[in-house]
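As given, the protein sequences belong to chains A and B, one line each in that order.
First residue of the first sequence: 1, per my numbering; consecutive thereafter.
First residue of the second sequence: 1, per my numbering; consecutive thereafter.
Treat the hints with caution; some may be incorrect.
Unchecked claim - Below, a sample of chain A positions facing chain B; criterion: calculated Cβ distance under 7 Å:
no.: 1; residue: Asp14
no.: 2; residue: Asp16
no.: 3; residue: Ile17
no.: 4; residue: Val20
no.: 5; residue: Met24
no.: 6; residue: Ala87
no.: 7; residue: Lys106
no.: 8; residue: Pro107
Stated by the list, open to error - Computed Cβ-Cβ distance ranges for the label pairs, DEER-style:
no.: 9; chain 1: B; residue 1: His562; chain 2: A; residue 2: Ala73; range: 51 to 59 Å
no.: 10; chain 1: A; residue 1: Asp27; chain 2: B; residue 2: Gly745; range: 39 to 47 Å
no.: 11; chain 1: B; residue 1: Ala600; chain 2: A; residue 2: Asp43; range: 35 to 43 Å
By construction, these hints were calculated from the structure, which means they are not laboratory data.
Just so you know, even glycine gets a beta-carbon here, dropped at the ideal spot from N, CA and C.
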Amino acid sequence: MSTPAKRILIAEDDPDILLVLTAMLEDAGYAVTATESGDTLLDLSDGELPDLIVLDMLLSGHDGREIVSQLRARPATEGIPILMLSAHPAAESGAREVGADDFLAKPFEMDVLLAKVARQLC
Amino acid sequence: MADIEGKNANGTGAHAMGESALSKPVGTAYRNGNGHQPHRHRLVLDASEHVVHFYERDESLVDSLAAFVVAGLDAGAACVVVATEAHRRQLAARLADGGRDLDEARAQGTFIALDAAKTLARFMAADGMPDPTRFREVIGAVIARAAEAAGSGERVRIFGEMVALLWDRGNPGAAIRLEELWNGLAAGSAHPISLFCAYPIQSFASEAYGEAFGEICANHTRVIPDESYSALTNPDERLRAIARLQQKAASLEAEIAERKAVEDRLRISENRYRKLFESSTDGILMIDPDSCTVIEANPVMTQLLGSPSEQLLGRELWQIGLFPDQQAVERFMQAVHEQDVVRYETLPLPLSGDDEGNRYVELAGSQFRANGHDVVQCHLREITQRKRAEVAAAHLAAIVTSAEDAIASKTLEGIVTSWNASAERMFGYTAHEMIGQPITRLFPPDRLDEEDLILARIRAGQRIEHFETVRKTKEGRLLDVSLTISPIRDSSGTIIGASKIVRDITERKRAEEALRESEERLRFIAESMPQKIFTAKPNGDVDYFNPQWMEFTGLAFEEIRHRRWAGVLHPDDLDETLARWRRSIETGEPFYGEHRFRRAGGDYRWHVSRAIPIRDDDGRITMWIGSATDIDEQKQLEERQNTFISMASHELKTPVTSLTGFTQILRRRLSAQADADSQTLRFLERMDAQLNKLASLIGDLLDVSRMQTGALAYRQTRFDLDALVRETVENVQAATTTHYLRLEGATCARIVGDQDRLGQVLVNLLTNAIKYSPQADTVVVRLDADRECAHVSVQDFGIGIAPDDHEHIFDRFYQAADREHNTYPGLGIGLYIARTIVDQHGGRLWLESGPGAGSTFHVSLPLAQTEDADADHATHATEEE
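Model the full structure from these sequences, guided by the hints.
Here it is, written out as structure tokens:
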């Protein structure tokens, strides 16, 4: 009997990067779902709640930090670990301020991504 | 009337002493022409008398004779005078003095004058004795003639001194005989005769003539002078003695009277002299030449010498302070003795007695005889004032002569009276040519009317100062001059002329003109150049904006001068710009700033302003000159560039992210397969590496653009430098197969700063070292530290960098090239970024290298201070630091 795979929700609007992220995480054995829209994250039903959210800072023109704030404000999602992605290394502090648990600058090393994800899920 | 009867031999006719006929006035008042009392003895004759007069001096004889004649003529008698020429002359003179003219008497025949010698010769015999017969003839005839002229019954008075002649000839016997003949004639004459003869008493001086003297006396009725004398027993002796004494007494009295008169005259003369002596404005000194002592000194003299006269009189000349020493006195006395007058033009008074400095006198001395004595008289005049005036005048003349300025003087009619050397030089006319000429000679024709105005002012006592005008030289050259003219007054204050000082201001005028021209040119340049130019006073107030400012701002100069230009600055730039301007003003450091100025339309434009101070010879700032250049275009371009770079690099990151991702996924998946193709794996590995480079380059570009815009963030943590270096070296070594990275030493230092960024610097240096030493195989990293800094150096053994490039390599976008001028790959921004980061940490990054000698890059970083707490905050770094 294998433990069920952790579920990771990726919110990324670039299709290639989304593909990369999905492939990396699935190769590592995670169950991955993806969305390009921030609203979806906010509309998650209880059954759909992931174990980790990987969120791009700039999502379809919206500021990812807003989304993080809102996620943190909802009881359902406030405890879910969030890993933020950004092309700006300087955005890290801003991300942590709003409640993100970790940060990854693009372009990123696969190993680094996997390490951070693992840390958040244990 | 007391007479002495000559024939009275018993001497009883003697008078009481002192009561002589001499003391009795004469009946006929007789005065000589001078109004003086004549001599006291008078002649009174009555009856036939034969009087003899023994006279010591001619005067007394002449007196008696004159009285004899006058009495006779007055009485109507006739007078015959048989006398020497001299006596006749003296008689005539004496009578003329008395207003008695003999000519009338002569014409009337009442006065007959005969020469004694000639008459005597007429009756002298060969044997030297008078011949009686001839005597009676000659004399008788004369008497008869005289008697005829005389009034009837009147006497004939006869004076004769032929007897004296005989006596003088040494023939006393003949004289006595002649006396006897006279007496005989008188006795037997029908006419009454008075006889009067005279002998100079010197003739009887000898004792040998004593008897003869007596005989002569015996032949006379009366002897003059008559005096009573009773002591002598011998009547002859007595007579002689009497006669002698009387003569002597008479002479004496006469002498006394004479002397008194002389004394009176002398006293008057003396008084006059004394008055002169006392009141003279010169000092007068009388000196006895034999003893060289002071006899007299007048008041001015005592003043000059500073001693009262008591202290001067009797002192020797060399002691009184007039001459410096005895030798000088001797020389003076010698000179005075030899010459008429001795003059010393300038004699300093050695002992002046006051404290005004030296005094000088003019001395004139001469020697003359007075009252039978030699006396030396000195006149002294003090010339100290004159001398001082002379010195002052000479001084003044010297000043005028040597003055640089031309100095001249003129009369109130404008005629030149003096002309100094500088005037000669300035105008070319010599003093000789100008003195006596009108000053208008120097005037150009159009300025001639100035002279009237000048003279009018001078006459009114006014001074003319710094009057600028034009004058003409001898050659006709025109000079720009500045005149100062003052009235000259004489000692009474009357204006008698004017003195002029002429200064050639041609040079100054030329300089002024040149300066004006220069200023004109500068102004023209400033006004026409496109740049905005300004000048400011040392205190920072802007006092000049060229027209470009007013055109740009649309404001008037008044609205932006001094510090009002701050009003057109962009609010965001205001503080920084003012601070910089203030700092420059205070320190004198050149000003630099980039800021926005508001244009007339209201929009702002970027400008770069620079200003430098202008200093005078002493180093003091006299003004600031600055310019402001519109760099808005460039600035905007820069911003766009930065924005582009920022956006571009950001944009580039997206595809790189996915590329990197895919490559990594592929590698992972492939290496998990057992039968993976090694070449495929290798290719994938290469792709990964290149993508890393790409990502790195993009990251640098982004950093650079952020650095430009000031958006780069630095974290501050306290970390172990050695650990960072070790980790970085390991990472780079892991990616390098061509070189061995050797680590030496340790810093044991803790640094406060951005670990990632400093790591970035190290990575950059290490990768450069590897890249630029392709022929070598080693890179050495050394660690060291001192009390203040930690030191990391990275050495490669490659091509080296030429000294010219040492600073340039840290420039943005600098491309290094090898000897074949192949540029090495890269954007050339790595070292720029590295340096910026190191600078931000307060450290230094520098290069040690030479062509072919490899390169060593040195980094020094300040050690963390013990007080610094571990901080984890980002600070914004600005480029302006």
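So, against the hints stated earlier in the document, which numbers end up violated here? Violated hint: only 11; rest satisfied.
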